[in-house]
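Peer 1: So you can see what is in the structure, the chains are spelled out below.
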Amino acid sequence: MPDRFAYSNAIRDVHPVEKLVFSFSCMAISLISGSTAVHLIVFMMMAVVLFMARIPLRYYVGIMFKAFVFVFLGSVAVAYGAVDLKGAAFVFFRAFAAISCFYFLIFTTPAADILSVLRKIRIPSIIIELMGLTYRFIFVFMDITQKTRTAQSSRLGYDGLKNSYRSMGILISSLFARMLRQADYLNTALESRGFTGELNVMQRGFKSSAVNIAAITVIDIFLIVIGSR
Amino acid sequence: MIEAKGVTFKYDSVTALNDVSLRIERGLKYALLGANGAGKTTFLLHLNGILRPLSGKILLDGVEIIYERKALSNLRRRVGVVFQDPEVQLFSATVAEDVSFGPMNLGLSPEEVKKRVDDSLNACGIYELKERPTHFLSHGQKKLAAIAGVIAMEPQVLVLDEPIAGLDHVHREQVIDIFSRLNGSGVTLIMSTHDIDLAYEWADRVIVMKDGAVAGIGTPIEIFSDEQLLKSSFLYKPIVLEIYERLIRRGVLKEDGIVPRFRDELLRCLE
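Protein sequence lines correspond, in order, to chains A and B. FYI, the numbering for the first sequence is 1 to 229, going by the working numbering. FYI, the numbering for the second sequence is 1001 to 1271, going by the working numbering.
Fair warning: there could be bad hints in the mix.
Distance condition first, Cα-Cα at most 25 Å in a straight line; then the derived DMTMM-like pairs of lysine to aspartate or glutamate [said to hold, decoys possible]:
hint, chain 1, residue 1, chain 2, residue 2
1, B, Lys1070, A, Glu198
2, A, Lys120, B, Asp1118
3, A, Lys207, B, Glu1111
Bear in mind the hints are in silico, worked out from the structure with no lab data behind them.
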């Protein structure tokens, strides 16, 4: 779960706007640029930055490998369909550069920080609140699912194909019922803390860094220059 | 301070509370006992207006609660509820955000919100979890975070629905300690529990509920000396009291009007 690292990496306290801008500007340049050199540089750079953020290399390689399989199969389809090896390689590198930009963000920036940036740029609060609750409840439901599954398997719920299908069906329907109940409870709990229709919470303070902003600008210009040669 | 007068409540057609009348006095610690399904949670949810009586009324400082937004908001400012399952109470990505929710709703200044968050995290001994995502906390830590989220609103009355259920003894002690300190600063506490020994030694008053009605209310010694009540409500005698009474009966101890409530007090009687 990359989420775990987002809260405990060496650049956790860097201003989320800087991280977001860095990630998205590099991604945009990679997607627009036709230069494979740019794609390779972006890919390497993100790996280096994540290394500096003390994300375990092994974990990063593992998750990149999964992406690799996916992108590779896609590229093979391009190579086969269009009989264009060069084009396929091109798609492959570009996709990889963009993915690494995205992973950089996911590995270094907690969801709470990303939401606070969205709030700052005045995305409607209803959208942000929904995103926040969705995020929180992914973990609640993962937990419930896992516990239900354990309870089912300990009574042979997944013993054989027939049992497995049945158990899975029960799991899904009970999860749905629980979701509704959980939503109800949450509403009660929020109300008793004075909920008035908006989930206002305190925002964490971040310091922006001139060095980071300068570095991001230089890197972006550098990438654009390389790409346009 | 809070009074229930003839409160009746039904979930669909099932009667959960049946003509409940009792008075909560300011500054005292109440333990609410009763079997599962006796109506404890339902009663507690009436105290800050989450549930509305079908008939009867709830009074705050002698004034009947009106169920409209402003009056309810005023009520919830003063009466905080900590729910049994902290999982349903925590909704934010991080602990600090979640704890700040109540104070933000009170319309406090950002500085005051920050102060309240820090103070209540410190009071609960979880300041170091401040920026931790809620989903990485253990059950005990979630419980403490949920408590911090409510005490950050500085309520005058704190309603606790089985706050120690499922906690290890370290967290249990920690939680009880938080409550005692709050009570020391004047907060009225109402705690439902299944822990009879705790109710006996901790509470100023014990309320016993049975089948949606109040079966008894009084000091711990009054309640736990009432054999009839204990039997009909499926309760038993606290171990300290039981041993003390046996020792008196056997003539080992002489009755001197002071009944021990704590283990240590009982042991001292024997010296």
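Peer 1: For each hint, tell me whether it holds in the structure or not.
Peer 2: Hint check:
{"no.": "1", "hint": "B:Lys1070 / A:Glu198", "verdict": "holds (16 Å)"}
{"no.": "2", "hint": "A:Lys120 / B:Asp1118", "verdict": "holds (24 Å)"}
{"no.": "3", "hint": "A:Lys207 / B:Glu1111", "verdict": "holds (17 Å)"}
The structure shown violates none of the earlier numbered hints.
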